[in-house]
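Undergrad: Take these sequences, add in the hints, and give me the full structure.
Quick mapping for you: the protein sequence lines, in order, are chains A and B. Under UniProt numbering, the residue at position 681 of the first sequence is numbered 681, and the numbers go up by one with no gaps. Under UniProt numbering, the residue at position 369 of the second sequence is numbered 369, and the numbers go up by one with no gaps.
No lab work stands behind these hints, which were simulated from the structure alone. Note that beta-carbon positions come from the ideal geometry of N, C-alpha and C, so glycine has one too. One should not assume that every hint holds.
Unchecked claim - Some, not all, of what chain B presents toward chain A, calculated at C-beta under 8 angstroms:
#1 Ser467
#2 Ile471
#3 Glu474
#4 Ile479
#5 Glu519
#6 Asp525
#7 Lys526
#8 Asn737
#9 Ser739
#10 Asn746
#11 Arg748
#12 Thr758
To be verified - What follows is a list of derived Cβ distance ranges for each label pair:
#13 Ser360(B) x Leu271(A): 54 to 62 angstroms
#14 Gly760(B) x Ile104(A): 53 to 61 angstroms
#15 Met79(A) x Pro391(B): 41 to 49 angstroms
#16 Ile466(B) x Arg70(A): 19 to 27 angstroms
#17 Ile466(B) x Lys362(A): 32 to 40 angstroms
#18 Lys362(A) x Pro391(B): 49 to 57 angstroms
#19 Val74(A) x Ser360(B): 52 to 60 angstroms
Residue strings, one per chain:
Number of protein chains: 2
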Amino acid sequence: MACYRNCFCCHCCCREGETRTPEELAVLGEIPDEEEEILPRKDYESLDYDRCINEPYVEVLEGMDNKKSRQYEVVRWMMVFVIGVTVGLVGLFVDFFVHLFTKIKFTVVGSSIEKCADKGCLSLSLLELLSFNMIFVFIASLLVLIEPVAAGSGIPEIKSYLNGVKIPGIVRLRTFICKAAGVLFSVSGGLFVGKEGPMIHSGAIVGAGLPQLFCSMSATFTLNFFRSGINFNKWGSFQLPGLLNFGEFKCPDGDKNCHLWTAVDLAFFVLMGVVGGLLGALFNCINKCLAKYRIRHVHPKAKFVRVLESLLVSMVTTVVIFAASILLGECRDLYSPPKLNSSLASSEDINSTIRQFFCSNKTYNDMATLFFNPQEAAIHQLFHQDSTFSPVTLSVFFLLYFLLACWTYGVSVPSGLFVPSLLCGAAFGRLVANILKVNMGLDIYSGTFALIGAAAFLGGVVRMTISLTVILIESTNEITYGLPIMITLMVAKWTGDFFNKGIYDIHIQLKGVPLLEWETEVEMDKLTASDIMEPNLTYVYPHTRVQSLVSILRTTVYHAFPVVTENRQNERDFMKGNILISNNIRFKKSSVVTRAGEQRRRCQSMKSYPSSELRNVCDEQSAVEEPTEEGEDMLQQMLERRHVPYPNLYPDQSPSDEWTMEERFRPLTFHGLILRSQLVNLLIRGVCYSENQSSASQPRLSYAEMTEDYPRYPDIHDLDLSLLNPRMIVDVTPYMNTSPYTVSPNTRISQVFNLFRTMGLRHLPVVNAAGEIVGIITRHNLTHEFLVTKLRQHYITI
Amino acid sequence: MACYRNCFCCHCCCREGETRTPEELAVLGEIPDEEEEILPRKDYESLDYDRCINEPYVEVLEGMDNKKSRQYEVVRWMMVFVIGVTVGLVGLFVDFFVHLFTKIKFTVVGSSIEKCADKGCLSLSLLELLSFNMIFVFIASLLVLIEPVAAGSGIPEIKSYLNGVKIPGIVRLRTFICKAAGVLFSVSGGLFVGKEGPMIHSGAIVGAGLPQLFCSMSATFTLNFFRSGINFNKWGSFQLPGLLNFGEFKCPDGDKNCHLWTAVDLAFFVLMGVVGGLLGALFNCINKCLAKYRIRHVHPKAKFVRVLESLLVSMVTTVVIFAASILLGECRDLYSPPKLNSSLASSEDINSTIRQFFCSNKTYNDMATLFFNPQEAAIHQLFHQDSTFSPVTLSVFFLLYFLLACWTYGVSVPSGLFVPSLLCGAAFGRLVANILKVNMGLDIYSGTFALIGAAAFLGGVVRMTISLTVILIESTNEITYGLPIMITLMVAKWTGDFFNKGIYDIHIQLKGVPLLEWETEVEMDKLTASDIMEPNLTYVYPHTRVQSLVSILRTTVYHAFPVVTENRQNERDFMKGNILISNNIRFKKSSVVTRAGEQRRRCQSMKSYPSSELRNVCDEQSAVEEPTEEGEDMLQQMLERRHVPYPNLYPDQSPSDEWTMEERFRPLTFHGLILRSQLVNLLIRGVCYSENQSSASQPRLSYAEMTEDYPRYPDIHDLDLSLLNPRMIVDVTPYMNTSPYTVSPNTRISQVFNLFRTMGLRHLPVVNAAGEIVGIITRHNLTHEFLVTKLRQHYITI
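TA: Listed below in structure tokens is the structure:
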């Protein structure tokens, strides 16, 4: 609401999908997302899911046989099982205490209200409720202060992690404990938050693979086993589908004309999907503005300000709940089923959670029933209560809940979004059902509409389709709902995507995480690898002096270094068998077949160099087409320089400052990649040889020694330099990854992207047809923003 | 059974997992799968899922913007929707006619039996049934004669196709029609076949992607929409979950102690999984022997022999059904529910399909109930019939069904395996339930055990886990069955895998399809790309004479040719900027960094060359370490030869025959891949220029012209040579794929495999550090058999 009225806000967040083409933008000189840039951001490291195949690892491989690998497999399955059981127990723990605390709270406050209804001491009841809630929220907030990563739903963090971005502290035990305990208290504290997102973070990462499925199944099993025992004293009977359980949707027995849904309803479902998408987009928009405000004005301040905000939210929520329940509720007649025979059990369940506040017998207070219950109970009410809720109540409930939930998500407590969104959407769906049933006289099943409303709103907020369909079907235990849920979710996603991104993606973006999508836009295929690669490389030679390595490591922040040799004359010694034949045919000059075209591109992409000078060099290169003798002269010059042992001794000096054009464009044959952690490890363990010895005298490290420090590798700055002889030489060839995936410079972006994404890479060297490295592509070169910038440059140069 | 008794058979098929290590095998000189080799096989082509990025395609890309791509997206979704609806209609058609034919058949024959029970004219009834069945099967068999690919379940073919192997005719309209009509008649004909596999073939390929899911959903929607209308006259009410529907599993109302399953039952489920796995392995083993027999002795004969076999199977099945129903059935009491109140509807449904053959009122013939019904009805009986089946009946039924179904799968009619396996397994599960309930007095729910038995047997036969779990849960519409079904399927798969492969994989293997698994075994990582690549290449130059191209295309069968230039002196013209510096450090000789090591490997892997001569050359190479002058001499020689315009004019001559070692090891810089179809296209459209012109005068083809003939490209042998001037030159550089994925020679197999598999490649060039192509990897180099052979060689050389 606030957003639609506020024009500035609309401009800032409601429309992110750019309507202008890149050409127009280039002409206008407009830079989008300018505002984003001023948000304070952290730098994130990438994860490397690819294996580094070097000599120590090959030794391990050679010792591996099928028997050993089968043992590993067994251990892995057992690990998965143990994880599953543990997660199940944690879920049980959280669920049990949430139930307990909530029950105590509502019982105490409820009875106090009943009493005070006569005496007029309602403010006392409010005070009781306030103290309960604020204490719980205070504890949750304190836990998040201990481990700030535990705030929020955790799904953005998990998504980033699986995408390959390292989020510090996300998989630590401390985070786990803070998250699990925090969500317990924040849910018990009556905040409009769910426990599903944090539960996902706390353990089972829902995936498609067998071990993951098995893992989640064993977690569910453990959970249900104990729940059935604790709640019903029937150990090992599995009637409960899980924590999130919508109850049974079914028509009253004997009513042959009742259907859960019909083909006609589908049209309404599509409309509800559209509305859900719009509401979700609005929710995301408001939440984004709030999150930005928090990043700018709350996060830089002292930490207790965040706790105060949590307490403020808790207080407002409590007061709203209390006031709405007491002042705005209507008394509705209880629906008495015509025959109490078979549907006895379910009706009893439903009616056990109604609230009678100030209402006479056989009636109940509909607002209090929704607000003064745990959220799951309220969802059940909306899905299954055969009595009606007044349209006014539903609208007010929806509006209040919407605004409060939106405010709450982002406060520094562990907070899920699933259940609040479902409840909010269910109210909307029930409202639609009310209108259709009462005002238009249609014969529909309200439960289905409430479910579809929940799906539509949830889909509009989080914009997931397949996983949500599965979760919702699993919660309803009714396969026939598959199609309507799927259609609603898709429509909601499409509608919402027209305005902004999903809530999780918004928060990922606000954190500045360089997330990679599933695929690039078709338009990006106008770019090639050489357009987006980083051409300024810091490299190491196969045999490098300790002092060079130390200076490289201390003065750069790169995490991988290409191992190269210069494409020199005496390499021909190694190519004895090679016979040189000319086939006497000229290439087209523009053809990318040649290295010349490659270098021209490198000239173009090297913006840090003064452009006039650059152009001179490039022009000179393409102009001088017959410099065989000149080349010999240059060779002569270079050979004189040859006694300088390590030309790249000080790679910290930016190439643009001191290096000549020749130095910058030396042809460097690519042999492998070596990681920073590996180099530091080699230095720490003294893997080197002295100048007058052969490289074979260098000590060899095993695979175990190479990976001993995983995952916290020592830093180069912790290294005691006095222990190292700077003149010693390190042979990195046994430890480098000799066969990383590479791409050629004219590979299209979609192919680069596919390779990078599916193989989980961190560094992708770009190697030309002559085997020379011309650049490296990392995650940052593939983010949407970077590609858009490059595409704009591409249009300008055309 | 036949297999366990027959020792030879056991050796031939019951144990495929090798117990001997490759070392032992190498010592013994034993070649496994020797027997497989003598089966007649076809050659299969691979599919290429990667895009070929050449100049015409880049032009298309440049013209592409986000608007156009969105239009394509919309068209794609609409296509998916149309496909879904079509498939739904086809399913409806098949289902409707199967129901109709089966109903007519059973009504006619049933009433005839009732009549003849008194008169003693049972042989007449048998004759009626026989004529019905054999006519139907005859029609199904004829349809398969028209299109042989339509035989079988179609799942092996779909699996191969998705894996990247082209199976001729699999996606043609004729196959589709024959399959859909054929399965209709083969199911109506009373064969023990299902219609699910062929249905999958006929349309929706169940996948994880959104469009696929949407597609299958719209198919289900269409199907259910019409079924609800036709069967119940309630258009658009969706109470039916799909074609395969197991009915509702629920405890009798009011029985509070009844649970669908408990934790204790899980132990039984695991045991049933083991037994199901064993039975499935036995089934697969017998079926494999039968399939082999068919390939050797039936397929080479005239086609009508296959029809005769189908008729024979049909006859035997019919007689067995008839005889067993009449002679072996026991009369069992009908279970009358204590209160007919609420479970009225379902009990009625179940009891409507019992058969009373010769039994008095209130009793029924249990064998006839199972045999003399459509298979779906029999499954429902086993799942939901509260009355008991006699253990003897269940055992006999299981045995007969097992053997007949095993014989039937592979006969040349469209035949699925799902429903027969489910029925067979359900009988087994019901038997277990009977024993536990009656003999051991346990309080269990028989329906669950029948379901688990069905899952166990089906899992033992087809060895799928995730997709089967989803299908079975969807059919039962009971999410709580997830865990037991999952566990049973996994146990069954593990048990079965101990003995042999799944039935679909067995049939794929028997067809000789080079299927690639999901991942390689850990042990295979001892091999590198250079160990398995094909080193003998036929290549083309960027500018090649028409006569060379024609001779290459006519004399080889390769589908892609690397475009190379020789790594000659004057290429340095293009590398003007390159300064040659020696950093004065020697490499370890064994290091794979250098090209020398590469060539040594190529020497080793080149088996076609006489080994003594080879060793000489290789030794010579590694011995002569300073032949700079000699190299110059060789260069001189080569330069003299230079007037021979195209050294590879006759690439059909095997290198080992005429080529010298130098010719074989010429350093060939790799620039791109060009496909056979592209070359033929260039020749047909006269894309070439004459010697005295520049290559710019060559006509240019657009993307549309390049792909006009898709998917049936003209053959080189259809080309009219008289229209071509053999001295003209073709510039292939604009049309080649300049940026295929490549790997370095020392890439490990698992990485090669990942790249090949996830990118859907057909040709993967192996390029060394100097940018020279040293080999190509295709699907055949990555099959399990090939890798095992290479691994054995690897152990020998070590």
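Undergrad: Taking the hints in turn, state whether each one holds.
TA: So, going through the hints one by one against the coordinates:
1. Ser467: With a closest approach of 11 angstroms, the Ser467(B) hint is violated.
2. Ile471: With a closest approach of 11 angstroms, the Ile471(B) hint is violated.
3. Glu474: At 5 angstroms from the nearest chain A Cβ, Glu474(B) passes the 8 angstroms test, so the hint holds.
4. Ile479: 5 angstroms, holds
5. Glu519: Violated. Min distance 11 angstroms.
6. Asp525: Given a least distance of 5 angstroms, the restraint on Asp525(B) holds.
7. Lys526: At about 6 angstroms, which falls below the 8 angstroms cut-off, the nearest Cβ of chain A leaves the hint on Lys526(B) intact, so it holds.
8. Asn737: 10 angstroms, violated
9. Ser739: 4 angstroms, holds
10. Asn746: 5 angstroms, holds
11. Arg748: Nearest chain A Cβ about 5 angstroms off; hint holds.
12. Thr758: Status holds, d = 5 angstroms.
13. Ser360(B) x Leu271(A): 54 to 62 angstroms: Since the Cβ atoms of Ser360(B) and Leu271(A) sit about 59 angstroms apart, the hinted range of 54 to 62 angstroms holds.
14. Gly760(B) x Ile104(A): 53 to 61 angstroms: 59 angstroms, holds
15. Met79(A) x Pro391(B): 41 to 49 angstroms: 42 angstroms Cβ-Cβ, so the 41 to 49 angstroms window holds.
16. Ile466(B) x Arg70(A): 19 to 27 angstroms: Between Ile466(B) and Arg70(A), where Cβ atoms are some 21 angstroms apart, the hint holds.
17. Ile466(B) x Lys362(A): 32 to 40 angstroms: 50 angstroms, violated
18. Lys362(A) x Pro391(B): 49 to 57 angstroms: Holds, at about 56 angstroms.
19. Val74(A) x Ser360(B): 52 to 60 angstroms: Once the Cβ atoms are compared, 57 angstroms apart, the range 52 to 60 angstroms for Ser360(B) and Val74(A) holds.
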